[in-house]
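J.: Sequence:
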Amino acid sequence: MIQPLAYIHPQAKIAENVVIEPFVVIHKDVVIGEGTWIGSNVTIMDGARIGKNCRIFPGAVISGEPQDLKFAGEITTAEIGDNTTIRECVTVNRGTKDKWKTTIGSNCLIQAYSHIAHDCEVGNNCIFSNSTTLAGHITIGNNVVLAGLVAIHQFVKVGSYAFVTGGSLVRKDVPPYVKAAREPLSYAGINSVGLRRRGFTNEQIDEIQEIYRVLFVKHNNVTKALDMIEAEFKPTEIRDEIVDFIRNSNRGVMKGFGMGS
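For the sequence shown, my numbering assigns the number 503 to the initial residue and increments by one for each residue that follows.
If you are wondering where the hints come from, they were derived from the structure by calculation, not from laboratory data.
Backbone N, C-alpha and C define an ideal beta-carbon position, used for all residues, glycine too.
Hints may contain errors.
What the hints assert, rightly or not - Pair by pair, the computed Cβ-Cβ distance ranges are:
1) 524 - 725: 36 to 46 Å
2) 525 - 739: 25 to 35 Å
3) 749 - 684: 21 to 31 Å
4) 669 - 560: 42 to 52 Å
5) 506 - 669: 37 to 47 Å
6) 712 - 503: 51 to 61 Å
7) 506 - 746: 52 to 62 Å
8) 711 - 599: 14 to 24 Å
9) 555 - 701: 40 to 50 Å
10) 503 - 704: 13 to 23 Å
11) 721 - 668: 43 to 53 Å
12) 525 - 576: 37 to 47 Å
13) 517 - 732: 43 to 53 Å
14) 513 - 539: 14 to 24 Å
As the list claims (entries may be wrong) - With a cut-off of at most 20 Å between alpha-carbon atoms, the simulated SDA-like pairs for lysine to any residue come out as follows:
15) 515 - 536
16) 601 - 707
17) 601 - 641
18) 757 - 738
19) 674 - 690
20) 530 - 554
21) 572 - 601
Use the sequences and the hints to build the structure in full.
T.: Next up, the structure:
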């Protein structure tokens with residue numbers, strides 16, 4: 503159902519059962535999957551690729567031009583997976599020639615007034631609470647929860663199943679499975695509640711706990727901690743994910759208890 507007070511460019515590709523409310527503006531190079539609902543006063547600009555059964559609430563702007571002085575008008579996209587909800591006044595910018603696209607996965611909830619900048623990659627099943635702000639080139643894993651007013655520096659990576667507390671300034675990478683809090687941002691334990699909700703066993707949670715004790719609680723330097731983890735813990739998918747994330751961190755990871763900035 504398309505309301506007559508909406509404007510849709512005739513070359514936009516809209517599935518037949520998409521609902522578009524009044525005063526929506528949809529530009530030319532747009533694709534919207536079946537079952538999606540577009541609320542009033544949403545603007546969907548060139549390069550938007552929106553999946554099936556999404557819900558986009560009033561005031562959102564999807565696929566706006568990057569807020570990047572290096573952007574030279576290249577053809578890029580902003581891609582949103584299936585079953586994702588975008589709440590009021592969220593802004594999602596399309597990519598630049600760095601990655602050519604900004605992506606948000608499936609089954610995500612992006613709450614009101616959040617901003618996702620150019621070339622960000624957001625995984626599946628993520629929740630961003632109100633006024634979460636992602637600068638450019640950020641990578642967010644799967645099943646990540648960012649509480650309200652979180653601000654993340656460009657090029658930062660946040661690992662899967664991590665939880666970042668409200669009002670945090672994220673300047674360093676946040677490894678998978680952890681809780682991040684305080685100022686400066688530091689390790690505040692593992693995300694045990696989130697892990698149990700996602701079906702992790704007690705044995706897996708204990709493994710994660712022990713690995714991060716070596717890394718963050720015992721005050722080892724990163725190189726020594728990684729060597730100890732590889733020597734003392736048998737290879738598992740979880741162990742290898744943590745080790746690989748930290749070894750491949752370009753900005754460095756956040757600190758442990760009482761270790762400063």
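J.: Determine for every hint whether it applies to the structure shown.
T.: Checked hints:
no., hint, verdict
1, 524 - 725: 36 to 46 Å, "violated (59 Å)"
2, 525 - 739: 25 to 35 Å, "violated (48 Å)"
3, 749 - 684: 21 to 31 Å, "holds (25 Å)"
4, 669 - 560: 42 to 52 Å, "violated (26 Å)"
5, 506 - 669: 37 to 47 Å, "holds (44 Å)"
6, 712 - 503: 51 to 61 Å, "holds (55 Å)"
7, 506 - 746: 52 to 62 Å, "holds (53 Å)"
8, 711 - 599: 14 to 24 Å, "violated (42 Å)"
9, 555 - 701: 40 to 50 Å, "violated (23 Å)"
10, 503 - 704: 13 to 23 Å, "violated (49 Å)"
11, 721 - 668: 43 to 53 Å, "violated (27 Å)"
12, 525 - 576: 37 to 47 Å, "violated (30 Å)"
13, 517 - 732: 43 to 53 Å, "holds (49 Å)"
14, 513 - 539: 14 to 24 Å, "holds (22 Å)"
15, 515 - 536, "holds (11 Å)"
16, 601 - 707, "violated (34 Å)"
17, 601 - 641, "holds (12 Å)"
18, 757 - 738, "violated (24 Å)"
19, 674 - 690, "holds (15 Å)"
20, 530 - 554, "holds (19 Å)"
21, 572 - 601, "holds (13 Å)"
In this structure, the hints that do not hold are numbers 1, 2, 4, 8, 9, 10, 11, 12, 16 and 18, in rising order.
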